[in-house]
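Protein chains: 4
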Amino acid sequence: MLVVMQAGASPEQISRVLDSIRALELTPHPLPGATRTAIGITGNTGAVDSRLLEVLPGVKECIRVTKPYKLASREMHSADTAFDIASTKVNSKTFTMVAGPCSLENEAMIMKTAEFLMENGVKLMRAGAFKPRTSPYAFQGMGLEGLEIFKRVKKRTGIGIVTELMDTEHAAAVEDAVDVIQIGTRNMQNFSLLKRVGLTRKPVLLKRGMSATLEEWLMAAEYVMAGGNYQVILCERGVRTFSDHSRNTLDLSVIPPAKILSHLPIFVDPSHGTGKRAFVPPMSLAALAAGADGLLVEIHPDPDRAMSDGAQSLDFPNFQKMLGSLRQIAEPLGRQMG
Amino acid sequence: MLVVMQAGASPEQISRVLDSIRALELTPHPLPGATRTAIGITGNTGAVDSRLLEVLPGVKECIRVTKPYKLASREMHSADTAFDIASTKVNSKTFTMVAGPCSLENEAMIMKTAEFLMENGVKLMRAGAFKPRTSPYAFQGMGLEGLEIFKRVKKRTGIGIVTELMDTEHAAAVEDAVDVIQIGTRNMQNFSLLKRVGLTRKPVLLKRGMSATLEEWLMAAEYVMAGGNYQVILCERGVRTFSDHSRNTLDLSVIPPAKILSHLPIFVDPSHGTGKRAFVPPMSLAALAAGADGLLVEIHPDPDRAMSDGAQSLDFPNFQKMLGSLRQIAEPLGRQMG
Amino acid sequence: MLVVMQAGASPEQISRVLDSIRALELTPHPLPGATRTAIGITGNTGAVDSRLLEVLPGVKECIRVTKPYKLASREMHSADTAFDIASTKVNSKTFTMVAGPCSLENEAMIMKTAEFLMENGVKLMRAGAFKPRTSPYAFQGMGLEGLEIFKRVKKRTGIGIVTELMDTEHAAAVEDAVDVIQIGTRNMQNFSLLKRVGLTRKPVLLKRGMSATLEEWLMAAEYVMAGGNYQVILCERGVRTFSDHSRNTLDLSVIPPAKILSHLPIFVDPSHGTGKRAFVPPMSLAALAAGADGLLVEIHPDPDRAMSDGAQSLDFPNFQKMLGSLRQIAEPLGRQMG
Amino acid sequence: MLVVMQAGASPEQISRVLDSIRALELTPHPLPGATRTAIGITGNTGAVDSRLLEVLPGVKECIRVTKPYKLASREMHSADTAFDIASTKVNSKTFTMVAGPCSLENEAMIMKTAEFLMENGVKLMRAGAFKPRTSPYAFQGMGLEGLEIFKRVKKRTGIGIVTELMDTEHAAAVEDAVDVIQIGTRNMQNFSLLKRVGLTRKPVLLKRGMSATLEEWLMAAEYVMAGGNYQVILCERGVRTFSDHSRNTLDLSVIPPAKILSHLPIFVDPSHGTGKRAFVPPMSLAALAAGADGLLVEIHPDPDRAMSDGAQSLDFPNFQKMLGSLRQIAEPLGRQMG
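From first to last, the protein sequence lines stand for chains A, B, C and D. So that you can map any letter, position 135 of the first sequence is 135 in this note's numbering, and since no number is skipped, the others follow by simple counting. So that you can map any letter, position 35 of the second sequence is 373 in this note's numbering, and since no number is skipped, the others follow by simple counting. So that you can map any letter, position 192 of the third sequence is 868 in this note's numbering, and since no number is skipped, the others follow by simple counting. So that you can map any letter, position 336 of the fourth sequence is 1350 in this note's numbering, and since no number is skipped, the others follow by simple counting.
The hints are simulated quantities; they were obtained by calculation from the structure and are not laboratory data.
Quick list of the computed label-pair ranges, beta carbon to beta carbon:
#  : chain 1 : residue 1 : chain 2 : residue 2 : range
1  : D       : T1080     : B       : I401      : 33 to 41 Å
2  : A       : A7        : B       : N444      : 46 to 54 Å
3  : C       : G819      : B       : K405      : 21 to 29 Å
4  : C       : E701      : B       : E457      : 40 to 48 Å
5  : D       : M1125     : C       : K765      : 45 to 53 Å
6  : D       : R1030     : B       : T404      : 46 to 54 Å
7  : C       : N782      : B       : K405      : 29 to 37 Å
8  : C       : D980      : D       : M1132     : 50 to 58 Å
9  : A       : E145      : B       : R374      : 57 to 65 Å
10 : A       : K151      : B       : T404      : 46 to 54 Å
11 : D       : M1125     : C       : D980      : 55 to 63 Å
Fair warning: this is a prediction, and the values are worked out from it, not measured in the lab. Note that beta-carbon positions come from the ideal geometry of N, C-alpha and C, so glycine has one too.
Construct the entire structure; sequences and hints are all you get.
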C-alpha cells in the first residue's frame, strides 16, 4: 500500500503517519519526492482498512499496489530512481559505464586499469575479489587482501569500485571497501544474502538469475529494498536457453518491460551475456539503444593472459573504440555518457 | 569446396571449370565478385581430389569449406550479399524497412497503408494473404484473391510486397505476385517448401524457427541456395524460452555471430519478437545498433480493430515517430534508411 | 459445441441434427459412443444459439467446449480413443510397440528387421522413406521406391508400417502404401500438410514440435481431426531446452496433463528423445510407468553401420532384453504389450 | 587423480601414500572399497608426476580423472555410493521414500504426519523450517523453533528428518537437529553454503538448480565432497523450460546419464517437478522405472489448507495408494521400497 501525503504536509504530519503504520504492525518506507512525500507500506497489508490512514492530517490518498513487489514497482514510485556513485551518477539521462577485469589478479594490473579508465572518463571499475567458480579447485579470488588493494586504488585514482559479495560473512568488509555491492547471478535468490545487503547503505547491483523471470528478479530487488536499501541497480547478463551461438542469450528485450513495471535503473553486462569479445561492442550499442541505463563490461590489459574469462574481455584499444561508438549514438538517444 | 579463379580468368576458362565440376557429378555455383569469380561446389565433395581442378587454366586455388553450410557461409563468399528489391536495396550500408499489417484484410486498408508507407519513404510492405493460424477455425487469410489485390496495390503505389508462402501448391502464384517470398517460423524446416522456393527467382525472407540454432537456420538457407536462389534474407523474430515478459525472446545477440559466419543479410521482426507494441520502438533501435540490415514491423491503420496481432501493431503516428528515431542513429552507425 | 443425443435416439433423429448444423453453416462431427451418440460442432460456434438444436427430437443437451481445441478435447469425447492398426491395437489397456530403423536403407535390412519384430510379437515397424535432413546434401531417403519395398515387406510378413510424410505431393502414395502416416516434429505446424492428412483415412502419428506447448500440439491434432480423420496418435519425442546431457529433453511429464485434456493416445519416442542408445531402455520403462500408450523405438541390425541415427539405435539383442523388462512391469500397470 | 592400492596394502602403506600426497600440497581423499582402497587426489594435480606415487610400496596404479568433477565421478569411485540414514538406507537396491509437508506449520500436524509415515513404512520425513520464499513478505518458516519440534518428533516416532538449510549461520543448528541437510534449488551454486555443508557429517540432499546442466550439478556436489562429506544425494526437481503444462519440466532423462557419470544416488521430487498433485503418482512411477534411487514427495493431512504448495501435495489416502502402486513395480525392477 502507498500513502500519498499532500504537497504541503508537515514533518509532524508525516511522522504521525509513520507511527500509525507501525502501530498496525506494518513497516513504513518514506519515499520523498520532488513535490510531495509518499510512504510505502510493506508487511501483511491485506487486512488493513486504508481509511484508518486516510483520515490522518496531511494524507492525500491511499493506493493499493497490485504487484507482488511493492517498493520496486512503478506503482509505488513513479519517477525513475536516481542516485550518485563515487564521482558519477545513475539516472535516466546518463549512460553509466562500469568496466574492469573479471578477477582482481594483482595490484599492478588493477591500478593500471583504473588509471586507464579514469583517463577515458569511466569512473566506475568492476573487479572480483571473491569469485564464484564452478569448480572448487579453481582460483577463488584474492579475498580480503583484494579489498585492501581496492582501497588503495580508490585512494590513488578516485575511481569507484564495484565488486561481488558472495556471503553474509564478508558483507561488512565489502560494504566498507567498495562503492557498489554486486550480487551475482547464482545468488539472485540467495534470500539470506539479499536480506543482509538490504541492511547496508551502499548501492546494490543485482544480476539477473540464469533463468529468472522479470517478476522473480523484481522480487529479489524487493528483498533488498524491504531492508531499507533503495539503491538497487538491475543488471541483465544473459539467460540460459537452447541457443548455442553465444555463452548465454543476452535478453535485451527485458529492458522495456522492466522500465514499465519498475523505477529501478537497469544495466547490461554484454561480456557474460555473450561470452565472446567480438560480440561485446554491437551488443553494447544495442543495450544503449534499447533503453539501458548503463553497462558492465569486462576489459583486461592483456585478455589472452587473463586468469578468468579472457575470451570475453576487450583489450584497452578496442574498449576505447567502443566508447567512441557509444558516444556517437548516446546524444541522439538523449543520454550523456557517465 | 570453393574454386577461386584468377583475377583475369576468361569466360572460357570459367566455363571449362564448370564443366569439369559437372563431370565429377557435383554442382557448380558461379559466384561473381568485384575483382574475381569464385565457384562454389556442392554435393558429396568429400572424396574429390582438388588437384583435378587446381591444374585447370585460370584457377587460382581450391578451398575446402569447413562448415556444414557451404553457399551460406562466409568462407565461400566473403563479401556481404547485396541486391535490389523493388525500388530499394538490401546491403550492409542500408537499413531496409518493411512494414505493414499482419493480415491483408481488405483492399482499402492495404491501399491506405501502402500510400502511407511510400509517403514516408518505406518502399516495402509486408502483409499476409495466406495465414498460418494455430487454430483450424481461425481466419486463414484471403488467399489467391489477396494476391490479386497485391498486384493492384503494387501497380498503383509502386511499393514492393513481402508475403508468406505456406505450401508448394501456391509457390508459382506467390512468386508471380510479390517481390519477396516469406517463409514463416513454423516452416523453417519444411524442407520440401525450402527446396521449392530455391527454384524461384525472387528473394526469400527466411524467418528463424522458434527454437532453431544458428547452424540449423543457416542450413535452412542452404536448402534454398542449393536450388540456385542466392537472394536469402535471414529474419530473427524471437525464440522460445522460459521468459514470460514478452511473447517470445527477441534474440538480437544472434546478429553478430550470424554476420561472422554468413554473408547473408539479417533483418529483425520486433513485432512478433516482443508481442507488445510498446516494446517495438526500443527493440527496433536496438536491432539497428546491433548490426541488423533491416526491420520487419507490423503497423495497422487501426490496431485495436486488427483481425490479427493488433496488440503488437503500431499505429501510423507511432510508426512515424519511430522512423524519426531510427534516422537519428542510423547515420552515426554508418547506415542509410532504405 | 457438443450435441449429446439421447440413449435411444434414432438414425433419423441424428440425421436431422446433422442437417440442422449444416444449415447453420457449421460442420458436424458424429462421435458414436458405447451408449449414445454425440455430435461435435466446429466452425464459428460463438454466435450460435444452442436452443435451436436443443429443441430437436432425440437431443439430450448441448455443451459448450471451453478449450480452443474441440475434437481433440476430453470435454467433447470423454472416453479414450481406441482403434486397430494392422494386427494390433491402440487403446488404454495396450502398450503398443513400434520399432525399426531410422531410414529404410535397402530391402534386405528392412525384411530382416520386420521378421525379427514379428517373431518377437511387435506388429508395427517404423522406417523412413522420405527423410527430413538438416543438410540438403545428406541422404534424403529412398522415396517412392521405398514405398514399394514397404508393400512387399508388409505382404510377406504381415507387419504394419509407420512412415513419415513430408509434403502434400506424396500424401496419396504414402496413404496407399502404409498403415500409419507420421508427421515429423519439424512439420507439426505445417498446416497445409496437417489439412491434407486430415483427408486421408489412415491413422496419423503426430510428433510434438521441438518447442511446442501442449496446447499447440493439441491444436495441430485438431487440424487433422477437423478434416474428418479422428485417428490421431500424439508422440512425445523430446523438446529443446538448455540441457545438454541428451540430444533433446524427453518430456514424460507431458503425459499426465495430455491424458486429462485429451482422449487421444500418446506414444513416446525415447530414441530421438535421448539420442543415446544406453538411455533408451530406462526411458522406455519410464514412459510405460508414466502412462504412455505406446513406444516408437529405433532399432537396427547393425547400429554402428546405420546410415542415420546409429548412435541412438538399439541392436536386436538389447531390444529383446528391453521387451522383457517392459513385459514385467506392464501387467502390474494394467497394460498388455501389443 | 586416483591412486589405487594393491588388494593387500597395509594401513602403514596407505598412510605413507596419504603423507606423500600432502607433501605435494594436494588433498588426499581415502575411498575404502570392498577389495581394495583407493585414494582420490584433489587440488592442482595437473603438474604432478604420477610416478612419484606409483613407486611407493602397496600402490597398484595411478589414474588420471578426465572429468572436471573428481570425487563425484564414476571414474574415481566405480561402485554406487551407499549409506544408511536413520532406520533406512540409500543404495542401488532400495527405493528410498521421503515424504512430508512443504512447511513445518505446527507441532501437531508434523507429529500426525510422522506417525502416518512410520505406520506406512516410510522412515524419512521432509519438512521446511527455513523457507526460501520468492516474496520477502511471505511466511518464512518457523526457524529455530522448528528445529526443536523436529527433535521431539524424531524422539517420539523414530523418523529421520530432511530439512533445508538456507545459510551458513544456521548450519550447526540444522546439522545437530536433522538427519539429512537439504540444499535448495536456488542455492545449488551458493558456493559458500556448499563449502559449509562439506564440513558437516550429515548426508546432503542437493537439489538441481532450475537451469543447471548435469555437469554444473556434479560440480556443486564436488564442492560438498571436496570438504570431506561424501554422502551426497542428487535430487532432480524439474528444470525451467518454455513448457507451461506443469510448473517445471521434470527431467527424468537426466537419471541415466547421471548414473553413468557419477556413483552418487539420485532422488526425484515429482511434487515441485510438476506442481500439480494429479501428476505426482504417474511421475513417481516413472522415476522408479527410469532408475531413480528414491523420491521426495509432498504430502499434507489437509492439502487445501496447507500454508504453502497445497496444490502439489497429496493427501494421505492418495499417498497410500501411490505407495501400493510403487511396490508393485519395485520388485520386477529389482528394488525394495525403503
